[in-house]
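Q: Make the full structure from the sequences, and use the hints.
Going line by line, the protein sequences match chains A and B.
All the letters of the first sequence, read from the start, carry residue numbers 1 to 320 under this note's numbering.
All the letters of the second sequence, read from the start, carry residue numbers 1001 to 1216 under this note's numbering.
Hints may contain errors.
[Said to hold, decoys possible] Here are the in silico distance ranges between beta carbons for each label pair:
hint : chain 1 : residue 1 : chain 2 : residue 2 : range
1    : B       : Ala1111   : A       : Thr70     : 36 to 42 Å
2    : B       : Arg1189   : A       : Arg181    : 40 to 46 Å
3    : A       : Arg181    : B       : Arg1173   : 18 to 24 Å
4    : A       : Glu265    : B       : Gly1143   : 45 to 51 Å
5    : A       : Ser180    : B       : Ile1138   : 53 to 59 Å
[As the list claims (entries may be wrong)] Derived lysine-lysine pairs resembling BS3-like cross-links, with alpha carbons at most 25 Å apart:
hint : chain 1 : residue 1 : chain 2 : residue 2
6    : B       : Lys1008   : A       : Lys294
7    : B       : Lys1196   : A       : Lys294
8    : A       : Lys317    : B       : Lys1011
9    : A       : Lys128    : A       : Lys58
10   : A       : Lys92     : B       : Lys1167
11   : A       : Lys294    : B       : Lys1167
12   : A       : Lys120    : A       : Lys294
13   : B       : Lys1112   : A       : Lys317
14   : B       : Lys1108   : A       : Lys318
15   : A       : Lys318    : B       : Lys1112
16   : A       : Lys117    : A       : Lys161
17   : A       : Lys101    : A       : Lys58
18   : B       : Lys1008   : A       : Lys296
19   : A       : Lys296    : B       : Lys1167
20   : A       : Lys168    : A       : Lys64
21   : A       : Lys77     : A       : Lys294
22   : A       : Lys120    : A       : Lys252
23   : B       : Lys1167   : A       : Lys317
24   : A       : Lys97     : A       : Lys58
25   : A       : Lys318    : B       : Lys1167
26   : A       : Lys296    : B       : Lys1196
27   : A       : Lys318    : A       : Lys128
[To be verified] If you want the footprint, here are the derived chain B segments under chain A, 3+ residues with CB under 8 Å:
hint : segment
28   : 1028-1039
29   : 1097-1104
30   : 1113-1120
31   : 1171-1183
Worth flagging that the hints you see were computed from the coordinates, not collected in a lab.
Don't be surprised by glycine CBs; every beta carbon is placed ideally from N, CA and C.
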Amino acid sequence: MLVRKATDLKYGDVTPKQVYLNRRKFLQAMGIVGATAAAGQHLIELVAPSQTASAATKFSGLVKSPFSTTEKENSYKDVTNYNNFYEFGTDKTAPAKNSQKFDTSNWVVSVEGDVAKPRKFTMDEILKMAPLEERIYRHRCVEAWSIVVPWIGFSFSNLVKLVEPAPKAQFVAFQSYYDSRQMPQGRWAGIEFPYVEGLRLDEAMNPLTLLCVGMYGDSLPNQDGAPVRMVIPWKYGFKSIKSLIKIKFQSKMPPTTWNLAASNEYGFYSNVNPNVDHPRWSQATERRLGEIFKRKTLMFNGYGDQVASMYSGMDLKKNY
Amino acid sequence: MRALLTSKWTKVAVFFICLIPLGALVWRGFNHGLGANPVEFIQLTTGDWTLRFLVFTLSITPVRKMLNLPDLIRFRRMLGLFAFSYLCIHFLTYLFLDQSFDFAAIWKDIAKRPFITVGFLGFLLLLPLAITSTAGWIRRLGGRRWQMLHRAIYFAAVAGVIHYYWKVKSDVRMPLFYGALVAILLLWRLGDWFFKRRSTAGAKLSPQQAPANPAQ
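A: Structure follows, in structure tokens:
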């Protein structure tokens, strides 16, 4: 077979995850490749669209990020079997089970609103937007558990610069994909879908804010927000919106899903803050998955050096 | 049926069946089956089983009266004590694994957070019932007073459901399910009480009515 450099690979060229996991399917797929080599990639997509859908890339040549923590990473098994992705069910183990057939092929992220260059990005375009970095971040859930994950992506500011926001754009609104047929468990979640989130423009421009396309050297599993998501490590996990399809720049503070569901419990900012408790439980400590006892939660989840200045003069008890 | 219900072996069998959830937890513990957050898994599982055993305990009286199976009463104490046992594991994981026995922090937590407060209240309500569950205590208190005291289980079950309802973030299906079961079981008692009051009132009337209807 032709050996190509990683940079030439398109998102759709990659060996589908189920295929390389399943030897029998793998051999079948190789048969298809052999028989249709001349016809090229299109035929494979016609024959097995759902397989190319959840394509898994073994990313190579990732840039190591200075923002990475040296803390011990959680296991891939834990991070992929303990998820909050309410569209696929509210049990921690439900997303891993219910998202397996989620079709992420032909993914398009639409960027709109107060920008000079509104446009749609395909996954191929997103993957080529900037050099992919590995960033090992702490991730703190509002439910007082935490994980350490080696994400893959690049600073969201790369995308912002491409679309050139107008001066009046002070906020960025995000929207997740929602399809009640693919996500039938979503109707029981008790929150409104599609899931929406938002950031202030300066928060979105902070270099820590990650447009994320993978983890553990691989593309994102469906339950972790495939194929593209946000990761904002100094905020509670629910701010890091999954399966992103729409980004809108605007002058007004956008509504956010959990704030709409319970405004006294979840604010727009939702910065990790051990001094401001959730009304129903303490945020002073957290349980790192894999540990028995709780550990102290750090202000801004330990990212204060990079982000605290954005909130100087703000009352963080009020702006929770 | 009666022979089955009064057999010593049935009681032994039920005892071991009630231990299965605990056994399953232990087995999972030794076989990496507790998931990514084992402490939470144990807490949720023992909380669930506490509520289930409370529902089982509260079901004994209605089922036994409706199906006319008085011998079912033989299992009520055991089911109630299993509810309390699972609650003790539930509460201990909170005290030890969540709070590391830091009693100052625990007290603050109980006072500050309604869902912890109401859960703790449920524990406090069940504690004297577990202590006075022996035959000796029934004698010491006298049947009437003992029964009055043990009506506290109604409030404990309600506290358990509220504790669960206040704990979940948005998907309230399971708390509502337990809430519905407890409501049905308590409403049945209310109905039974009304019915009994009316029939005893009727019984008091019957001697006067009796001469008017001598054919009966």
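Q: A separate judgement is required for each hint: does it hold in the structure or not?
A: Tested hints:
Between Ala1111(B) and Thr70(A) the beta carbon distance is about 39 Å. The supplied range of 36 to 42 Å therefore holds. Between Arg1189(B) and Arg181(A) the C-beta distance comes to about 45 Å, which sits within the given range of 40 to 46 Å. At roughly 21 Å, the beta-carbon separation of Arg181(A) and Arg1173(B) lies within the given 18 to 24 Å, and the hint holds. Against the hinted window of 45 to 51 Å, the Cβ-Cβ separation of Glu265(A) and Gly1143(B) comes to about 47 Å, which satisfies the hint.
Roughly 56 Å separates the CB atoms of Ser180(A) and Ile1138(B), a value that falls within the hinted 53 to 59 Å. Of the pairs offered as hints, the one joining Lys1008(B) and Lys294(A) is violated, with about 45 Å between alpha carbons and a cut-off of 25 Å exceeded. At roughly 53 Å between alpha-carbon atoms, Lys1196(B) and Lys294(A) are farther apart than 25 Å, so this suggested pair is violated. Pair hint Lys317(A) plus Lys1011(B) does not hold up; C-alpha atoms about 56 Å apart against a cutoff of 25 Å.
Only pairs whose Cα atoms come within 25 Å are accepted, and Lys128(A) paired with Lys58(A) is accepted, the gap being roughly 15 Å. Restraint check: the Cα-Cα separation between Lys92(A) and Lys1167(B) comes to about 15 Å, which is no more than 25 Å; the hinted pair holds. Pair hint Lys294(A) plus Lys1167(B) holds up; C-alpha atoms about 19 Å apart against a cutoff of 25 Å. Among the hinted pairs, Lys120(A) with Lys294(A) is inconsistent with the structure: their alpha-carbon atoms are about 43 Å apart, more than 25 Å.
For the proposed pair Lys1112(B) and Lys317(A), the alpha carbon gap of about 17 Å is at most 25 Å, so the pair holds. Simply put, Lys1108(B) and Lys318(A) have alpha-carbon atoms about 22 Å apart, close enough for the 25 Å limit, and the pair holds. For the hint linking Lys318(A) to Lys1112(B), the alpha-carbon distance of about 19 Å falls within 25 Å, and the restraint holds. Taking the CA atoms of Lys117(A) and Lys161(A), the gap is about 10 Å. The hint holds against a cut of 25 Å.
Taken as a hint, the Lys101(A) and Lys58(A) pair is honoured in the structure, with Cα atoms around 20 Å apart against an allowance of 25 Å. Among the hinted pairs, Lys1008(B) with Lys296(A) is inconsistent with the structure: their alpha-carbon atoms are about 52 Å apart, more than 25 Å. Our distance criterion of 25 Å between C-alpha atoms is met by Lys296(A) and Lys1167(B), whose separation comes to about 22 Å. Proposed proximity of Lys168(A) and Lys64(A) is contradicted: the alpha carbons are some 35 Å apart, above 25 Å.
At roughly 21 Å between alpha-carbon atoms, Lys77(A) and Lys294(A) fall within 25 Å of each other, so this suggested pair holds. The suggested pairing of Lys120(A) with Lys252(A) holds, with an alpha-carbon distance near 22 Å, which does not exceed 25 Å. Only pairs whose Cα atoms come within 25 Å are accepted, and Lys1167(B) paired with Lys317(A) is accepted, the gap being roughly 22 Å. Our distance criterion of 25 Å between C-alpha atoms is met by Lys97(A) and Lys58(A), whose separation comes to about 23 Å.
Distance check on the hinted pair: Lys318(A) and Lys1167(B) sit about 23 Å apart at the alpha-carbon level, within 25 Å; holds. Pair hint Lys296(A) plus Lys1196(B) does not hold up; C-alpha atoms about 57 Å apart against a cutoff of 25 Å. Restraint check for Lys318(A) and Lys128(A): not satisfied, since their Cα atoms lie roughly 40 Å apart, outside the 25 Å limit. Check on the segment 1028-1039 of chain B: 5 of its residues sit with their Cβ under 8 Å from a Cβ of chain A, so the three-residue criterion for coverage holds.
Against chain A, the segment 1097-1104 of chain B contributes 3 residues with a C-beta closer than 8 Å to a partner C-beta. That satisfies the three-residue criterion, and the hint holds. For the segment 1113-1120 of chain B, the assignment as covered by chain A holds, since 3 residues bring a beta-carbon within under 8 Å of that chain's beta-carbons and 3 suffice. By the rule of at least three residues with a Cβ nearer than 8 Å to a Cβ of chain A, the coverage given for the segment 1171-1183 of chain B holds, with 3 such residues.
Violated hints for the displayed structure, listed by number in ascending order: 6, 7, 8, 12, 18, 20, 26, 27.
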